[in-house]
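When you line the sequence shown up against full-length UniProt numbering, it's residues 1 to 362, in that order.
If you are wondering where the hints come from, they were derived from the structure by calculation, not from laboratory data.
Quick caveat, the model's predicted, so the values are computed rather than measured.
No residue lacks a Cβ here, since even glycine has one placed at the ideal position from N, Cα and C.
Mixed in with the good hints, there may be bad ones.
[Claimed, not checked] DMTMM-like cross-link-like pairs, simulated, lysine to aspartate or glutamate; straight-line CA separation at most 25 angstroms: (1) K14 / D215; (2) K148 / D110; (3) K36 / E125; (4) K303 / D354; (5) K303 / D331; (6) K148 / E75; (7) K14 / E137; (8) K36 / E21; (9) K14 / D354; (10) K148 / E285; (11) K148 / E51; (12) K36 / E344; (13) K36 / D294; (14) K14 / E51; (15) K148 / D236; (16) K36 / D122; (17) K148 / E239; (18) K36 / D236; (19) K36 / D289; (20) K148 / D27; (21) K148 / E125; (22) K14 / E75; (23) K303 / E344; (24) K14 / D236.
[As the list claims (entries may be wrong)] For each label pair, taking beta carbons as the anchor points, the in silico distance ranges come out as: (25) P291 / E239: 30 to 40 angstroms; (26) G353 / D331: 11 to 21 angstroms; (27) G181 / I213: 44 to 54 angstroms; (28) D341 / R314: 46 to 56 angstroms.
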Amino acid sequence: MGAQQVRGVIARAKGEPVRIETIVVPDPGPGEAVVKVQTCGVCHTDLHYREGGINDDFPFLLGHEAAGIVESVGEGVTEVAPGDFVVLNWRAVCGQCRACRRGRPQYCFDTHNARQRMTLTDGTELSPALGIGAFAEKTLVAAGQCTKVDPAASPAAAGLLGCGVMAGIGAAINTGGVGRGDSVAVIGCGGVGAAAVLGARLAGAGRIVAVDIDDRKLETARGLGATHTVNSRSTDAVEGIRELTGGFGADVVIEAVGRPETYEQAFYARDLAGTVVLVGVPTPEMRIDLPLLDFFGRGGSLKSSWYGDCLPSRDFPMLIDLYLQGRLDLDAFVTETIGLDDVEAAFTRMHQGDVLRSVVVL
């Protein structure tokens with residue numbers, strides 16, 4: 001077929017508005033696939049890349065919460081074939097590292113991306129966001145980054161499993177191990193926190209307390225299964241959660257902000273022997289200072305959830321099946337659908353808290 005030229009959203013320099021440029025997508029090599037992108041969600045991580053918050057490997061090809069159709073595959077690819085409807089993931093497991101060999105591929109320590117690079121027309125190599133780069137008509141990924149799901153699913157909803165929604169649902173179900181009748185508190189109800197509320201409901205939690213400083217987000221969380229809400233602008237979050245859990249604190253508290261202050265709230269808002277799950281992403285300079293005796297005396301577990309501890313091959317098809325059965329409202333996360341040209345404006349709306357997800361439809 002030969003290399004193809006398509007349109008893609010590029011971040012050229014730190015803090016500069018993104019722009020649409022022509023990119024070159026090579027034919028897939030061994031173990032690679034070219035995917036015709038149908039939809040891609042606008043995630044906070046993409047903004048993070050543009051602001052230089054991840055690394056300095058500009059220019060970036062942004063976009064990573066995507067669904068699409070496999071167009072072509074390279075040598076040795078058996079897991080997907082041209083024509084398959086797939087959700088893209090940023091953790092293609094290696095099958096060889098110590099985590100994979102111990103039967104824990106969800107923790108794979110050597111996940112991989114496509115070996116070849118997509119470029120600008122002048123040959124400048126692009127860094128694809130999270131190894132995906134899907135604000136583009138087509139993208140090149142490792143075949144293991146493509147997870148085949150039921151094509152009956154709406155691409156706009158399905159693609160969101162590629163990052164934020166999976167991170168939130170997985171934080172509750174996989175990392176937090178929420179069980180039937182458990183009390184759960186979720187601090188921070190943006191896209192990931194709202195998904196954690198949905199995950200807790202799916203797992204059968206008895207009481208789900210949503211905490212945020214924005215009443216609009218709390219209202220959305222209620223619609224997704226929160227039984228109670230606390231606006232922590234006006235109410236102390238720890239006291240609010242304790243009051244709603246018989247004075248004890250929640251069995252599982254999910255921190256979906258990634259700040260020392262909110263982590264401390266999560267730490268003290270859980271019941272004795274309860275679980276704290278950190279799924280919010282902190283920045284390198286953040287520090288936490290808590291009495292070590294409180295770590296010891298409260299028991300329980302403190303966990304970090306990376307991508308919701310998901311195994312895409314196991315979790316994506318299962319969640320899509322639940323979605324198609326009407327048991328998992330992924331459509332609720334799609335606030336608006338936009339074009340490739342609207343990504344910069346979508347960053348502004350996301351920053352202002354106006355949307356759960358803007359989804360680019362190609």
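How the hints compare with the structure:
no.: 1; hint: K14 / D215; verdict: violated, 32 angstroms
no.: 2; hint: K148 / D110; verdict: holds, 21 angstroms
no.: 3; hint: K36 / E125; verdict: holds, 20 angstroms
no.: 4; hint: K303 / D354; verdict: violated, 30 angstroms
no.: 5; hint: K303 / D331; verdict: violated, 29 angstroms
no.: 6; hint: K148 / E75; verdict: holds, 18 angstroms
no.: 7; hint: K14 / E137; verdict: holds, 24 angstroms
no.: 8; hint: K36 / E21; verdict: holds, 17 angstroms
no.: 9; hint: K14 / D354; verdict: holds, 24 angstroms
no.: 10; hint: K148 / E285; verdict: violated, 39 angstroms
no.: 11; hint: K148 / E51; verdict: violated, 32 angstroms
no.: 12; hint: K36 / E344; verdict: holds, 22 angstroms
no.: 13; hint: K36 / D294; verdict: violated, 51 angstroms
no.: 14; hint: K14 / E51; verdict: holds, 5 angstroms
no.: 15; hint: K148 / D236; verdict: violated, 44 angstroms
no.: 16; hint: K36 / D122; verdict: holds, 23 angstroms
no.: 17; hint: K148 / E239; verdict: violated, 44 angstroms
no.: 18; hint: K36 / D236; verdict: violated, 48 angstroms
no.: 19; hint: K36 / D289; verdict: violated, 47 angstroms
no.: 20; hint: K148 / D27; verdict: holds, 20 angstroms
no.: 21; hint: K148 / E125; verdict: violated, 28 angstroms
no.: 22; hint: K14 / E75; verdict: violated, 37 angstroms
no.: 23; hint: K303 / E344; verdict: violated, 34 angstroms
no.: 24; hint: K14 / D236; verdict: violated, 37 angstroms
no.: 25; hint: P291 / E239: 30 to 40 angstroms; verdict: violated, 19 angstroms
no.: 26; hint: G353 / D331: 11 to 21 angstroms; verdict: holds, 20 angstroms
no.: 27; hint: G181 / I213: 44 to 54 angstroms; verdict: violated, 29 angstroms
no.: 28; hint: D341 / R314: 46 to 56 angstroms; verdict: violated, 36 angstroms
When each numbered hint is compared with the structure, violations occur for hints 1, 4, 5, 10, 11, 13, 15, 17, 18, 19, 21, 22, 23, 24, 25, 27, 28.
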